[in-house]
Each structure stands twice: as structure tokens, then as C-alpha cells.
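Peer 1: Keeping their order, the protein sequence lines are chains L and Y.
My numbering applies: residue 85 is where the first sequence begins, and numbers increase by one.
My numbering applies: residue 85 is where the second sequence begins, and numbers increase by one.
Think of the hints as simulated: they come from the structure by calculation, not from any bench.
Mixed in with the good hints, there may be bad ones.
Covered, in the sense of this in silico footprint (three residues per stretch, anywhere, with C-beta under 8 Å from a C-beta of chain Y), are these stretches of chain L [unchecked claim]: (1) 122-132; (2) 172-184; (3) 250-264; (4) 268-279; (5) 298-304.
Dumping the calculated SDA-like pairs for lysine to any residue here, alpha-carbon to alpha-carbon at most 20 Å [to be verified]: (6) L:Lys311 x Y:Arg116; (7) L:Lys311 x Y:Lys397; (8) Y:Lys403 x L:Phe120; (9) L:Lys414 x Y:Gly117; (10) Y:Lys173 x L:Ala308; (11) Y:Lys396 x L:Asn114; (12) Y:Lys307 x L:Glu176; (13) L:Lys173 x Y:Ala308; (14) Y:Lys397 x L:Glu176; (15) Y:Lys311 x L:Lys311; (16) Y:Lys397 x L:Gly117; (17) Y:Lys396 x L:Leu405; (18) L:Lys173 x Y:Asp180; (19) L:Lys315 x Y:His412; (20) L:Lys110 x Y:Gly117; (21) Y:Lys173 x L:Asn114; (22) Y:Lys110 x L:Arg103; (23) L:Lys310 x Y:Pro388; (24) Y:Lys396 x L:Ala121; (25) L:Lys315 x Y:Gln410.
Glycine residues also receive a C-beta, built at the ideal position from the N, C-alpha and C atoms.
2 protein chains.
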Amino acid sequence: MNIEDTLIMIPGPVPVVPRILRAMAKPVINHRGEEFADLFGECRALFADMFQTKNDILLLSGSGTSGMEAAVGNLINRDETVVTPVNGKFGERFRDIGRLYGNAVPIESEWGYPIDLDRVAAALEEGADAVAMVHNETSVGMLNPAKEVGKLARKHDALFIMDGITSIGGSEVLVDEWGVDIAILGSQKCIGAPPGFAAVSVSKRAFEKMEDVHTFPYYLDLKAHKKSADKGQTPYTPSIPLFYAVQEALRIAHEEGLPARMQRHAAGAAAVRAAAGAMGIEMFPEPDELSGYSDTVTAMKVPPGIAFDQMKKEMLAHKILIAGGQAHLKGNIFRIGSMGNFGPKDILITIQMLESVLHRHGVVSDFGAGIEAAGSVLAA
Amino acid sequence: MNIEDTLIMIPGPVPVVPRILRAMAKPVINHRGEEFADLFGECRALFADMFQTKNDILLLSGSGTSGMEAAVGNLINRDETVVTPVNGKFGERFRDIGRLYGNAVPIESEWGYPIDLDRVAAALEEGADAVAMVHNETSVGMLNPAKEVGKLARKHDALFIMDGITSIGGSEVLVDEWGVDIAILGSQKCIGAPPGFAAVSVSKRAFEKMEDVHTFPYYLDLKAHKKSADKGQTPYTPSIPLFYAVQEALRIAHEEGLPARMQRHAAGAAAVRAAAGAMGIEMFPEPDELSGYSDTVTAMKVPPGIAFDQMKKEMLAHKILIAGGQAHLKGNIFRIGSMGNFGPKDILITIQMLESVLHRHGVVSDFGAGIEAAGSVLAA
Numbered sequence: 085m086n087i088e089d090t091l092i093m094i095p096g097p098v099p100v101v102p103r104i105l106r107a108m109a110k111p112v113i114n115h116r117g118e119e120f121a122d123l124f125g126e127c128r129a130l131f132a133d134m135f136q137t138k139n140d141i142l143l144l145s146g147s148g149t150s151g152m153e154a155a156v157g158n159l160i161n162r163d164e165t166v167v168t169p170v171n172g173k174f175g176e177r178f179r180d181i182g183r184l185y186g187n188a189v190p191i192e193s194e195w196g197y198p199i200d201l202d203r204v205a206a207a208l209e210e211g212a213d214a215v216a217m218v219h220n221e222t223s224v225g226m227l228n229p230a231k232e233v234g235k236l237a238r239k240h241d242a243l244f245i246m247d248g249i250t251s252i253g254g255s256e257v258l259v260d261e262w263g264v265d266i267a268i269l270g271s272q273k274c275i276g277a278p279p280g281f282a283a284v285s286v287s288k289r290a291f292e293k294m295e296d297v298h299t300f301p302y303y304l305d306l307k308a309h310k311k312s313a314d315k316g317q318t319p320y321t322p323s324i325p326l327f328y329a330v331q332e333a334l335r336i337a338h339e340e341g342l343p344a345r346m347q348r349h350a351a352g353a354a355a356v357r358a359a360a361g362a363m364g365i366e367m368f369p370e371p372d373e374l375s376g377y378s379d380t381v382t383a384m385k386v387p388p389g390i391a392f393d394q395m396k397k398e399m400l401a402h403k404i405l406i407a408g409g410q411a412h413l414k415g416n417i418f419r420i421g422s423m424g425n426f427g428p429k430d431i432l433i434t435i436q437m438l439e440s441v442l443h444r445h446g447v448v449s450d451f452g453a454g455i456e457a458a459g460s461v462l463a464a
Numbered sequence: 085m086n087i088e089d090t091l092i093m094i095p096g097p098v099p100v101v102p103r104i105l106r107a108m109a110k111p112v113i114n115h116r117g118e119e120f121a122d123l124f125g126e127c128r129a130l131f132a133d134m135f136q137t138k139n140d141i142l143l144l145s146g147s148g149t150s151g152m153e154a155a156v157g158n159l160i161n162r163d164e165t166v167v168t169p170v171n172g173k174f175g176e177r178f179r180d181i182g183r184l185y186g187n188a189v190p191i192e193s194e195w196g197y198p199i200d201l202d203r204v205a206a207a208l209e210e211g212a213d214a215v216a217m218v219h220n221e222t223s224v225g226m227l228n229p230a231k232e233v234g235k236l237a238r239k240h241d242a243l244f245i246m247d248g249i250t251s252i253g254g255s256e257v258l259v260d261e262w263g264v265d266i267a268i269l270g271s272q273k274c275i276g277a278p279p280g281f282a283a284v285s286v287s288k289r290a291f292e293k294m295e296d297v298h299t300f301p302y303y304l305d306l307k308a309h310k311k312s313a314d315k316g317q318t319p320y321t322p323s324i325p326l327f328y329a330v331q332e333a334l335r336i337a338h339e340e341g342l343p344a345r346m347q348r349h350a351a352g353a354a355a356v357r358a359a360a361g362a363m364g365i366e367m368f369p370e371p372d373e374l375s376g377y378s379d380t381v382t383a384m385k386v387p388p389g390i391a392f393d394q395m396k397k398e399m400l401a402h403k404i405l406i407a408g409g410q411a412h413l414k415g416n417i418f419r420i421g422s423m424g425n426f427g428p429k430d431i432l433i434t435i436q437m438l439e440s441v442l443h444r445h446g447v448v449s450d451f452g453a454g455i456e457a458a459g460s461v462l463a464a
């Protein structure tokens, strides 16, 4: 029997609530008509509030990665340089995209360790044209110092691209205050819509720079998107069902209010961290004072005495899906998402199942401490 | 009152039947799991049947244009040449994409007139690396000679890219027999799914060529897609609801059977042409013996005595949407789609409304001839 009731507690794609699923079943409308222009305009306005920006919002029918490529591909020429701080899998993605479109200068830290801001500053000092950083690095459960990198970029007159795919709408992101020239959000993350859609905010100086860039992607040409957006359209056929889903997701977020939404995400992650602490499970990342633990995903070391595959299997038998580590972290860490339209009971049942599994395997001796710690945080 | 009952008779996006709309409302699943691999595998197999190919099928979360860019962008280097026959808007798109990735040699005809095969042959003779042609040029309602261009490409050892976005699944397309190295389909056209998804078939020699191409798009890197597809995955998060919709759309097409489906499309367009003839409305395109009228959209000249906007407005008042012309053809032509999961009654009511409007404006004197002509074709 599959009644499609698995609780997905991974760092996206997150579960989609029925209200959003239903929105997708509306008829396809003419994407060159007024009805689409209204839908499009409402999404752009609600995203601008969520990004805390006055910049233009453009909407792409593609996953978050398409937004990352749009940002880098539209802003640098072949002979130009983008600095890409890397402390996880998605930082590597910016590095790889940078190499396809120009010169990438990766500033690599060990995964889960802070970005070296001095080396970022030095690379910018040498005349880099842009810096592209992941704000919330889900592969290691860490928030990178976007505000500080924004300051450095501004000081050296470089453009600042920020992957906010898994932070915007969940964690605090102040696009204008931080000086983010292009910020990117993915639909299947904090806003709780299905995957396949990205939103980007684009500053005036980013648009100005694009006029001098001669090698850029076609489907993701942000100049073409801007030109069409000014007429309430997209340059190529948009994915109408995803636009409906995103509209509904943004309305839900608007009803909740951004401060309450950020608080809910922060509390979810804090509850997972508290439970881990009570169960003697170590956090994976090592943030410093300028970085931090992610609000939307908690990455922990797999405790001695159990293998990750076993943990995952036993939790899945109770219909809860957690995430493992990516690349070389496979088997070493596990991750629990607190992302999208989750509620306290989703966190609590996940912790309960985790504690039960670990207790059964003798990893946790004192059953109940984790549940209690998580409950205390969520009750606060 | 808006009960969302407008009949959309444009050349895509086409109306989505309830069975497909419902499929999208299933829960989002883990895109790295077995359940997704099954969904993905079924879609690839059903597409291979539809494309009539043994080539690999790759699935992109992006519109048809993303498929066009994937084809050109992965196959030519900056210093290489792609021949792009142009006799309408989408041929121009291949030309523009070609210019971004390498050298484009456009072979331009007047819109709606046949491609000059001698000039295509001459350009290939000069050593072009690829030719990229639109099979069904919806902007002018015309089928271009894909089989002949395939032969020319093979003869000159060039790769053949074919935009089958609006033909595959509606018109006859024989990817292997015609020697198409990359063929592209868009979800919102003949298969009747929502927009935002493209399928491409890729030949062995196309994959081989890609190994020597150094400037390619990232999100649309077909080598990365192939590598993931071999594991039942996509390289970046796929749009799960669109995959569900496409799966259902492909099952519907499979139930109908490809020959019956092609026959239904051909009959729909033939009925529109017969009705137009009976009402004294001229066809817009001027096909020769190697090209033809489109099976999925019929482009007609706006008859003297009425403006297109007036026609459109009066038909829309009765909840039927028809399409006008694009670019310089705006106001000069109008287009009626026979695409996707339409039925005879959709064609007949569209013709009836068209004839009523034209009769009311004195453009058609003998009311009923158009309806009768269309009915005869569909009854045959």
C-alpha cells in the first residue's frame, strides 16, 4: 500500500501542501494575455517583498541551478574573473559555472569550515569582476557571511551574486542592504512549491554590466527576460502550472508574514540542534562568528555505533525521509531539513523516530532527552 | 463569471485535459530515489517510441527553447558553423542561438516560402559542422523538408538538429530514418501537457561530437544529463509535477496509438483548410512538393472586410481563442491550432464561430459552407 504519506525532511524538494498542489490543476492560460500578466505581476511583487529589495524580479522556468547559470553567464565575459568561495557542493557549482563562462578563482575551504574572507578580499583586490557565493550551503548545513562579502564586493567595485536558493523565504536575506546584485531563489525550497522554477533579483548595475557582456546563455538571457517582463511576459513559454503553484506559495508566505516565517525556520533548526546535543550527536559544520548554522537544514555527524543507511532505512520504514551526505561526506553525515511549510509536529516526530532508532541500536542510552530538548525549543 | 472554459485553439500551449492536470497534484517525491527512476524511465521509453528512435532520450526541465539551445550549444564550438534555414520566427531563433555559440549561416526565405535546399547544400559543401532546422514552423503553418535536409547533412558529414517541438507526437517524424542527431519536443504542444518541459533525442555521433565541444551551457549540458540519465536521474532537480504530467500525457498518446494520433492531427488541419477554402479564405504558406501545410496549425490570410483583432474579440466573446500572426505578420494572418488532445467537436465549433463572425461582417455570404466542408473531412 502506497498512500503517498512519507514525510520528506530533506533540504528540498520539500513536501507541497494540498493548497499549492491544487493550484497547479487550473487550466493552462494564454501566456501572452492579461490574465498571465496579472499572475506574473503578483509573483514579482511578492518576491520583491520576500527578497527585501527594490530591484527587478525575473522568473525562470528552470531549477535553481538555471538561476545560478543565469547570474554568472550574464555578468562575466570570457576574459573576466569571478571569485567563487567554496565550502560545500553548491559553492563548487558556482566555480564550475564560472569556468564555463570566464575565469573562476575558487577560494576553497574544507567543506563545513568558514569562507576565508581575507582571501576573498585579496582576489577582489587583484581586480576580479564579480564574486559568486552560496548563502546557505545545504551540503554542510552552514550559513555563509553574505553581508560581509557584499561589503567587500562593493568596496572593490565588483558585482555580488548570491545563491539564496535555500535561504530566501526561510532565513533573513536583505538583498538591498547587503548589496546583492543578483540573488537567486528556488521554488522547491523555503517557499514550499514544487521544483522547476527560479526567481532572481537583478540590480541596476547588473543590468548595466550585461550590456557589455557578449557571451551569455540564450534561454537564460536576463536582458531578454527583463524586456519581456516590462510587458508582463516571459521571452519563452513559461511553465504555467509552476507559476500557479508559486503564486499560491507566495500568498501563503505573505499570510504568515516574513518575520514569523523566519522565526519558524530558525526554531525548527534550533530544535533539531538541541535534540542532537541532548543525544550526544555532534554538529558537522564549524561556523565562526561571521557564519552560522543553517536555519533550514541541520547537518550532523553520523554517531558511532550505527551506519547512515541503517538509520535512513529504519526511519523510512516509519515513513520519514532524512538526507545523507553528498560526495565525500556520504556515510559521514546526515541532514534534517526544517524548510518550507513544515510545522512543529513534523520536527517532533522526526526527532522521536531518530531517537527511537538510535536507542534501539544502543547509540542513545537515555531515551527521551532528544524529544524533550526539541520540545522545549519549539514551545518557547 | 470566469469558469475557465475558454477553448484554446492556438498552436500551443494547448488545453490540458483533466486526467493530466490531476496527475500533477501527486506529492513531490525524492528525485534521487527509485520511484523517480521508474517515472523517468517510463517517460524516456515512451518518448523513444514517439520519436521513432533508438537514440537516447534526455528530459529537460525547461521550455522547448531550452531544448533548441541544448542542441546547438552542445554541438558547436565558437569557431564552428551551423547552417540555419529560416522561413519563420522559430528558424530565426535557431539562427540567434547559433550566433551566440558559434557562426550561424542563415539560409533565409521569405516567411511562409520553402527552404532553399540548394543553398543549404552549398553551405554544407563549404564545410559547415551542423544544420539546425525547424520541422513544423508554426509561425507560418508550414512543414519543412526534414527528410531531405537529413540526407544532405549525412552526405556532408554534418550533424542534423531538428526542432520537432510542434510536430513530434502529431505529425510523422522518423528520427532514425531521417538521420536526426538531436530532435526536440516541447511538452505543451502535440502531447498536450503543460509548458515547461522539453525532451531531446541524441544520437551516438552527437554524443561523440560533444566530447570535443568546449563552450557549452551548464544547466543544459547534455553530457551531464546523459551521465545522470544512465543512473535514472537528472543532474539538477527536475520539475516533478511536469514529469508526472508528461508521463500521463505519454500514456494517453500510447493508448491512442501513434498512427491514430497522427491521423487525427492531419484530419484536424485538413478540416480547417477545407473550411477556409469553402469560405474563400486563402492559406498563408506557399509549400512546394517537398514541404507541406502543417498538420498541427493552419495559418490563413485575414480576409478583406474584417480586422484580426475584431475576429479574435468576437470569437473570444464566445470563449474560443485563436492566434494571430507574429512579428511582421501581425494583423495579416490568423492561425488555428489542431494540436494535442483536441477532438472533432473542438475543430467544428471553432469553424462555426469563425463562419458566424465572418458572416456577420459580410465577409462570408453563404453561411454554412465552411461548417459543411470541415464536417465532411472529419466524417471521412
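Peer 1: So, for every hint listed, does it hold in this structure?
Peer 2: Cross-check of the supplied hints:
| no. | hint | result |
| --- | --- | --- |
| 1 | 122-132 | violated (count 0) |
| 2 | 172-184 | holds (count 3) |
| 3 | 250-264 | violated (count 0) |
| 4 | 268-279 | holds (count 4) |
| 5 | 298-304 | holds (count 6) |
| 6 | L:Lys311 x Y:Arg116 | violated, 36 Å |
| 7 | L:Lys311 x Y:Lys397 | violated, 27 Å |
| 8 | Y:Lys403 x L:Phe120 | holds, 17 Å |
| 9 | L:Lys414 x Y:Gly117 | holds, 16 Å |
| 10 | Y:Lys173 x L:Ala308 | holds, 16 Å |
| 11 | Y:Lys396 x L:Asn114 | holds, 13 Å |
| 12 | Y:Lys307 x L:Glu176 | holds, 18 Å |
| 13 | L:Lys173 x Y:Ala308 | holds, 16 Å |
| 14 | Y:Lys397 x L:Glu176 | violated, 52 Å |
| 15 | Y:Lys311 x L:Lys311 | violated, 35 Å |
| 16 | Y:Lys397 x L:Gly117 | holds, 13 Å |
| 17 | Y:Lys396 x L:Leu405 | violated, 51 Å |
| 18 | L:Lys173 x Y:Asp180 | violated, 34 Å |
| 19 | L:Lys315 x Y:His412 | holds, 19 Å |
| 20 | L:Lys110 x Y:Gly117 | violated, 28 Å |
| 21 | Y:Lys173 x L:Asn114 | holds, 19 Å |
| 22 | Y:Lys110 x L:Arg103 | holds, 12 Å |
| 23 | L:Lys310 x Y:Pro388 | violated, 37 Å |
| 24 | Y:Lys396 x L:Ala121 | holds, 19 Å |
| 25 | L:Lys315 x Y:Gln410 | holds, 16 Å |
In summary, the numbered hints that this structure violates are 1, 3, 6, 7, 14, 15, 17, 18, 20 and 23.
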